[in-house]
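Position chains B and C relative to chain A; hints supplied.
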Amino acid sequence: MTKSKSSSKFSIVLRLIWRRGEGKFALIVLASWVVVSLVSLVWTPQSLWATDGYHVWAKPSVAHWLGTDGTGADVFSWLMAGARTNLFIAILAVVFAGALGILLMSAMVSRNSALSNVSVVAVDALISIPTVLIALILAVPMGASVAVVIIACGIGYGLNLARIARPQALLAANSDYVGSALSYGASGFSVMLHHILPNAMPTIMVQLSLSAGTAVLAESGLTYLGFGVPSGVPSWGHSLATSVKFINVYPLTVLWPGLIVTIVVVALNVFGDVLRDAIDPVTNPELRRS
Amino acid sequence: MRFVIRRFLLFVVALLAISVVIFAALRILPGDVASVMAGLNAPPERVAQLRSQMGLDRPLVVQYFSWLGGLLQGNFGTSLLTGRSISSTVAMRASVTFPLIVLGLIVALAIGLTLGVVSTLATRPAVRSAFHFIAIVGGAIPALWGGLLLILLFGRGTGLLDVLPSQGFPEAGWGNFGSALASLVLPALTVGIIDGASLMRYTRSALGDVMNSGYMDQAMACGYTRRQAALKVGLRLATPQLVSVVGLMSAGMITGVMVIENLFALPGIGAGLVTDLGNRDLIAVQSELFMLAAFFLFVGFLVDLLHRFLDPRLKHAVQGGVQ
Amino acid sequence: MPTNSGAHGENDATDNKTPGTNENETAAKVAGGAVNATGVSANVSDTNAKAAGSSADIGDSGVNTDAHDNSSVKASKNAAGSTDETLNAHVKGVSGGNASGVNGGKAGKGKKKGWIWAIVAAVVVVALIVAFVVIRGNQKVSDGMARMHKSDSVTVGLKLAPTNLDIRNQSGSSLDQVLVGNVYEGLVARDSNNKVVPGLAKSWEKNADGTSYTFHLNRGMNFSNGDKLDANDVAWSINELMTRHYHDSESLMNFKSVTATDADTVKLDLTAPYANLLWELACRPGLVFDKNANYDMKTQAVGSGPYTVAKFVPNDSITLKANPKYWGEHKAKTPTIVLRYFGDDNAAVNALKSGDVQVLAPVTENLAEPFVKDSEHYRVAAGDDTDKYVLAMNSKGVKTSDVRVRQAIRYAIGHKQLIASRGGADKPLGGPIPSLDPGYEDLTGLYPHNVDKAKALMKEADYTPDHPLELRLTYANTYGTELGDQLRSQLKPIGIDLKVNVVEFSTWLQDVLKNKDYDLSMVDHNESHDFSQWTQDSYYYNYSNQKVKEYYNYAMAASSDSQRDALLAKAARVVSEDAPADWLFNYRITTAMKAGVQGFPLNLNQTLLPLYNVRCMTTVK
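Residue numbers (this note's numbering), protein chains in the order written: chain A, 107 to 396; chain B, 137 to 459; chain C, 2 to 622.
I should point out that these hints are in silico values taken from the structure, not numbers from a laboratory.
As the structure is a computational prediction, the values presented were derived from the model and not from experiment.
Everything hinted at is true.
Here are the computed lysine-lysine pairs in the DSS-like style, where the Cα-Cα straight-line distance is at most 30 Å:
no.: 1; chain 1: A; residue 1: K165; chain 2: C; residue 2: K428
no.: 2; chain 1: C; residue 1: K595; chain 2: A; residue 2: K165
no.: 3; chain 1: A; residue 1: K165; chain 2: C; residue 2: K417
no.: 4; chain 1: A; residue 1: K165; chain 2: C; residue 2: K493
So here's chain A without its partners, still in its complex pose (with noise of 0.2 Å):
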């Protein structure tokens, strides 16, 4: 029953954003990018490790649709394998942002007042700390790899949302019908999991689908500067970080991965902003219906 309920209103949700032009792109975008993704798993038009010493940074042709690169590599190859990596660490590192937002929003609207004082300020003075900073004391000990990317965004992002999504969460939580399910012996488990939750959701799923966006962009500068995804991983971070060094005599190479970050991040911008109007019950009338 819930979950018939749930999917139909997931479909509603979504019929809503292809309706709207700019939800129609951002749809699409994202739908390539999970395709391409898959696809590059078992099939890219050249091997990832086709290396030619003697073509290097050669010109776009049939072979190499965009060139290849430093070691003769097919760039459009890297490109399209880049697409799993980011897609990889931008859900991980939603996931986790998730999993620690919604905790530390729990532990924010608790009923322990010791607890909820604490974490409220924590969160606070936390938040200040920069995502970059944060993986760079990570990568310390770990070195450069995808995880560095993942818990350094996680956690930026996790309390980042749990800040954000504070004011609804206590709303709901000083409401009326929160007070009775308490006053009919509900737990504290029950209650966040049927009442505030749910009336945080549309607020931590916007902030989710932005966060989506700013991991990517947080992977091409940490791979950049050496505490991102490791070498011979193929990321979109990783195809900009090697051909920066060579700008001054290919810079065509360096525009592509760009030009694929900045729309991919588009495109889930734009998803949570119209996300937020198509998960917004006063905004979305059919939603109030079903």
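This is chains B and C only, laid out in the frame that chain A set:
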């Protein structure tokens, strides 16, 4: 007042906690400054000799407390590698990073506030969506790439318009004011344009919230036009929120400029941190990280206080004891 | 185009006096303004005009790699054309923005938006100031250049930066590069062919069995602080080195004693002959310091060379000034030499293009293309060096102790392809001794590129592409990711699944050099005369061969250089046959410089960079 004290105590506790975290994280790191100093062909005895000369063979707890003791006296230590005091090195680097941040903020504010206000006041849908587009695309550009595009457009030696230096900082530092400023223009634009786009979004949403509130109706009832009401009352009410955003943004810029400093070869705080870490100059790295963290925590602390102070609604709430 | 008076007021301030101009006109005006501005600076002198032309040229080749036409007039026209276009586009964007703002304003009916325009005005003012400062800055530079024949100052762009100046404790060739021969001088010196030549000592002789050397010093030598330099300083410096175990003290093998027999004579005794002694004394162990001076060696330097360190910014730059008290023949030709360090190759190339540096050593070959093409203004040349890119294969590693695997790897690597991908200047190297070192012999024929043979060897060891051997390659991030990526794909067809682990240099030092925890490792061993590595069981190669040790010991005890060289060559051949490593190539330094730069050494310039002869001539027509 209770709020201020409580917030300050938290600030101190957080600093202590962070000093432990930083110290511990750095000790897990493979490699040490002695082996970097000794190089490829040195026998192991030479590395051991250097380690004991530098006091790296003392127990970790002793090392931690001697560092912390120094911190309490305002002494950040001496770099094992360069032999210079860390505070003077950081001060030198800060003389690049802080002006860069200030310039970046000016650009961001000029772009973000202006476009934010203009787009809120715009009534034509086409105009509004044009601004919306600018904000969204501007905020989605990777800083690294944005910087590269600017270099390709304006960089001296590489750019289409051969006008601005894109690499390095002048030898004489700010002694050569003109070229020092010139070398910061492209980096500041890179930082500023990207942060300006996000500031534009914040401005619009903060101002938009106020515009839909009863305060505006009241102002308009008093005879203000919509535009006057927005500029006189709306902005005043949106200020606290914007101050928070700008405060956090300026703090975030310090590390945001890390990529930019590396790209434009500026000897600033971010680029220096990466170098020191590579050399395993741990005393330098831990003091620098600590200073940065302390700075961020302090800005967070300040922003909270300011927010409370600037927002008349919150102030009344505090005085009324509702808090 | 609907406008209102508020907008015009603002436009007036920016010199645009016709209200309602269309966008294209504005664009043309702005472009014209820019052209005027360059015109003004070009009028300063003829050279300047030429410089402007050349920079357009460079800009063009930098952006459009297709440009085959070298006619500078055409190139600059092209550049101007594209400049206009960008400006057009730019201004269009801006005025488009203005227009919408204005539209919004009209719709809002209000006219009091003063403060918004105040901000805009502030931005415009800031931009104008910046533009002014920039143009003035440019003029200053060109003014200075136009007047001189020989520049008072030359700026050299280098790559690896020293973190401190303590040459007795801090390792790294970047210190030798800047200090040896420029600031500090050795008892003897070496030339650009790596041969020992007189230094502080004008001559020397050794006894019949090679255990005692007598050095005769030049007279009237002094340090930059005015102190006299005599035999006592020499003996003191070497004694300090040995008793305090300073860096490289272990390379002064068989050392017994050093004494000053009189003010101009130093006697050095050995317990047994050591054929590399003189060469080692030309490096750090032979440096002579002022016995009576007291200074912080990390931040200052007091030496007897033609230059003094005037300013040192760690990781950034070193300013050398001619030593006014210099005693010898290598008097500095350029009063000030600034060494600037660029971690980023791109930044380095831009610095040469924009004239911030006059020499770049090394320049990444692939990036030097624009300079090679523009031979009128730049000179690009490669010099020999002793850098050996060593792919070490852990001889005691679980997987690499099998000699068939190691041999297969050597057969499988396409060295010529690696070199081609880097631009083609490097030399193939088949063994541990490079051409500038004693004992060199071309060993590239021992393991020629032969994938079939490699496959067969791997099959013998029970590995195929379907059942590959997994190996881990660990190397420092300073070498870039390209080499690892290429090795991975070259080793794949013979049944090796290479995992490339690019780490920080300090991590490499710990994991590979200290703990020997690796399968394959790659590092640039740039030191000269470092063959003894292959005779030390404790070194990270984990290599041990009694025959090699014997040859080496005989070589070090040899009485003549030719005998020594023959024995070293034999030892090197044995090492290479055993395949404890593959030598990917002998890196040759590519140096790019402005056409007027003279006297800059090309060989060995990453470890030995005598600067006294360097000068930059600017021609005035």
